[in-house]
Amino acid sequence: MGRPSEVFEVDGHIIDSLILAKVLDVILDAGADYRMLDVEIGRTNVDPSRARLEVTAPDDGTLAALVAELQVHGANRVATGEAETVAAEADGVLPVGFYSTTNLPTQVCLGGSWVDVENPEMDCGLVLTPEGRARTLPMHRVRKGDAVVTGCSGVRVQPLDRPRGASPFEFMTSEVSSEKPKNLLVGQVADRIRRAKAVGGRILAVCGPAVIHTGAGPCLASLVRAGTVDVLFAGNGFAAHDIESNVLGTSLGMPLTDRPAAEGGHSNHLRVINEVRRRGSIAAAVADGYVASGVMYECVTRSVPFVLGGSLRDDGPLPDVLTDVVEAADAMRALVPGVAVALMLASTLHAIATGNVLPAGVETFCVDINQAVVTKLTDRGSHQALGIVTDVGLFLQTLSDHLA
Amino acid sequence: MTLPGGLGWGRRFLMCPPEHFGVLYEINPWMHREVTVDLDRARDQWDGLVATLEEAGARVERLEPQPGLPDLVFTANAGMVNAGRFVPSRFRHPERGPEVPHFVAWFKAHGFAVEELPEGVSHEGAGDSLPFRGVFLSGYRYRSDAGAHGPLSRLLGAPVRPVELADPRLYHLDLTFCPLDQRRALVAPHCWDAYGRRVVEALVPEPIVLDDDDVLAFCANSVVVGNRIVMPACPPPLGRRLEAAGFEVAVTPVDEFVKAGGACRCLTLALDVALPPVGPTGRRESGAPPATSGPAAPPPTG
Chain A
1 MGRPSEVFEV DGHIIDSLIL AKVLDVILDA GADYRMLDVE IGRTNVDPSR
51 ARLEVTAPDD GTLAALVAEL QVHGANRVAT GEAETVAAEA DGVLPVGFYS
101 TTNLPTQVCL GGSWVDVENP EMDCGLVLTP EGRARTLPMH RVRKGDAVVT
151 GCSGVRVQPL DRPRGASPFE FMTSEVSSEK PKNLLVGQVA DRIRRAKAVG
201 GRILAVCGPA VIHTGAGPCL ASLVRAGTVD VLFAGNGFAA HDIESNVLGT
251 SLGMPLTDRP AAEGGHSNHL RVINEVRRRG SIAAAVADGY VASGVMYECV
301 TRSVPFVLGG SLRDDGPLPD VLTDVVEAAD AMRALVPGVA VALMLASTLH
351 AIATGNVLPA GVETFCVDIN QAVVTKLTDR GSHQALGIVT DVGLFLQTLS
401 DHLA
Chain B
1 MTLPGGLGWG RRFLMCPPEH FGVLYEINPW MHREVTVDLD RARDQWDGLV
51 ATLEEAGARV ERLEPQPGLP DLVFTANAGM VNAGRFVPSR FRHPERGPEV
101 PHFVAWFKAH GFAVEELPEG VSHEGAGDSL PFRGVFLSGY RYRSDAGAHG
151 PLSRLLGAPV RPVELADPRL YHLDLTFCPL DQRRALVAPH CWDAYGRRVV
201 EALVPEPIVL DDDDVLAFCA NSVVVGNRIV MPACPPPLGR RLEAAGFEVA
251 VTPVDEFVKA GGACRCLTLA LDVALPPVGP TGRRESGAPP ATSGPAAPPP
301 TG
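Line order of the protein sequences matches chains A and B.
Just so you know, the first sequence maps onto residues 1 to 404 in my numbering.
Just so you know, the second sequence maps onto residues 1 to 302 in my numbering.
Hints were generated in silico from the structure; no laboratory data involved.
Where a beta carbon is used, it is the ideal one built from N, C-alpha and C, also for glycine.
Stretches of chain A that chain B covers, calculated by requiring three or more beta carbons in the stretch to come under 8 angstroms of a beta carbon on chain B:
no.: 1; region: 15-29
no.: 2; region: 46-56
no.: 3; region: 67-74
Could you build the full structure based on these sequences and the hints that come with them?
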């Protein structure tokens, strides 16, 4: 959860009386911070003015003391009231007016106190359990009778802490740009991965087939082998080309070494998909020695959980691919808890799908040669994503060097 | 009738005879139940104050005293008056709450429009709020809430500028501030916080600063009628300054009432306060503190 915050309102001749100045000073003196939400200055000197400000304190104790101190100066907490719920009338249907979630840390007011929402996820409903817990629930998983929060009263979201000074996040303050010293950025990503791992955070890699096409497969495989990657999301293409490159030495028929292009290489990936299908699963293909190296091989042998989500244009697909997209998204959701850093590696569809299910607190690095992919991810609400515009093969090579 | 250059108000007061006055509870640092009030002396002092005010040219209206309400004599705390409107106080201490209906009844019977403050905020009327140069300067912390000032300005149709009080012995603004005319006021800056000092400094062009002895002798709790200042006490150095400034000082002892923490101002409520209405062309609340050479005060209307 982020730092505690409350909205205050102060009203009257707050400018001429220096009350507003005093209130702001009191907030800063207490070590808290404020954001002015709106100020209405009276039209004439008879009209009182009004200001609303959001106060963020370092901890609950400071905030409670501030509530008391600010009240003396006429700045009162804006009452939010209890969250209102309506019972879902059918499975998979939210009530009219349901509260639509963001991926930010969210709290619900229940019985006068603020309860953390357990699994922040954007574009979901908020469901209260009979035991007084609050969870996000995607539309399709709502069951008839669930108590779904409606309207906005009694719900508050907390903006992520603003990066300040020389914090580890300092480098995350600017927009995505290709005009960045890559080695420095990658070094900082490596730093974040190390810090996250040190406190038990999990690292998620979301991979597009370009990881294999650019020849970065062995590099990523070694990161999985070294225990850097804890969860992997991808599609049929990534897994198929990973296996193709390890079994036949090509990716979509193109040799990954300096060998000349193979005759009939365009069907190579179909042949390996067919062989894996013959064996029933990637794990079975690893077990019988058909797949003896690569990213998927390392995932299977190191029991790194992965989700392969299907799409319309998939060849095969591999038997492990979840072709029901709702089922695939649920499988991804199940693996999100504990993820602290997400690496979106040259993937557009899977990166956006993953962005949808990640809480805003997950540090997300989106690596793509195409700036538009990164922009697209942030435009869809994953504001926490930092874009690194570069070739994914070079990125993974540099990251391995930094982590070595 | 007003004197040129005078306050423009302070010719008509509401007072309540001390038939039932006493120190029956303790709600400020001056009150001690073991201190007995000499009721005969209190009556004489109250009559003396009335006579002094009337002699200065003021009219005194009388509120019927009520048994069990010893502080009803302190009519300054009845509420705030502006141009025929009356906003009754919401007392911080429940002991004084039962006074309110008596004040409200009197104002209704005398043709005032009565407007109520919202629930949950305290404000103790003219005891904490005095008009000066087109605004009500209003004390807060011990008895009145800063949150009352927004609603008060709407109800009174006048700007109300809060000042934080900083000495619990001087729990109402009228113990630290007394308007004398359009430019001068008795001020006790050491009794306000730093922001409040800046606000008053910006508002009062020619302050007459009181020291701690003056303030603790209740010198600021005086009533001004024309150019006469009716004071509960006046140390000679202060008296010389006031006379040099052209005021007449009339000392009328009210020490029986000081036992309950109030003096001349507390015993009176000006009924003729009328700040000029400010239309849409008036100066809006500015980002900067008001300049000391601010807009000229309006002509007196009392």
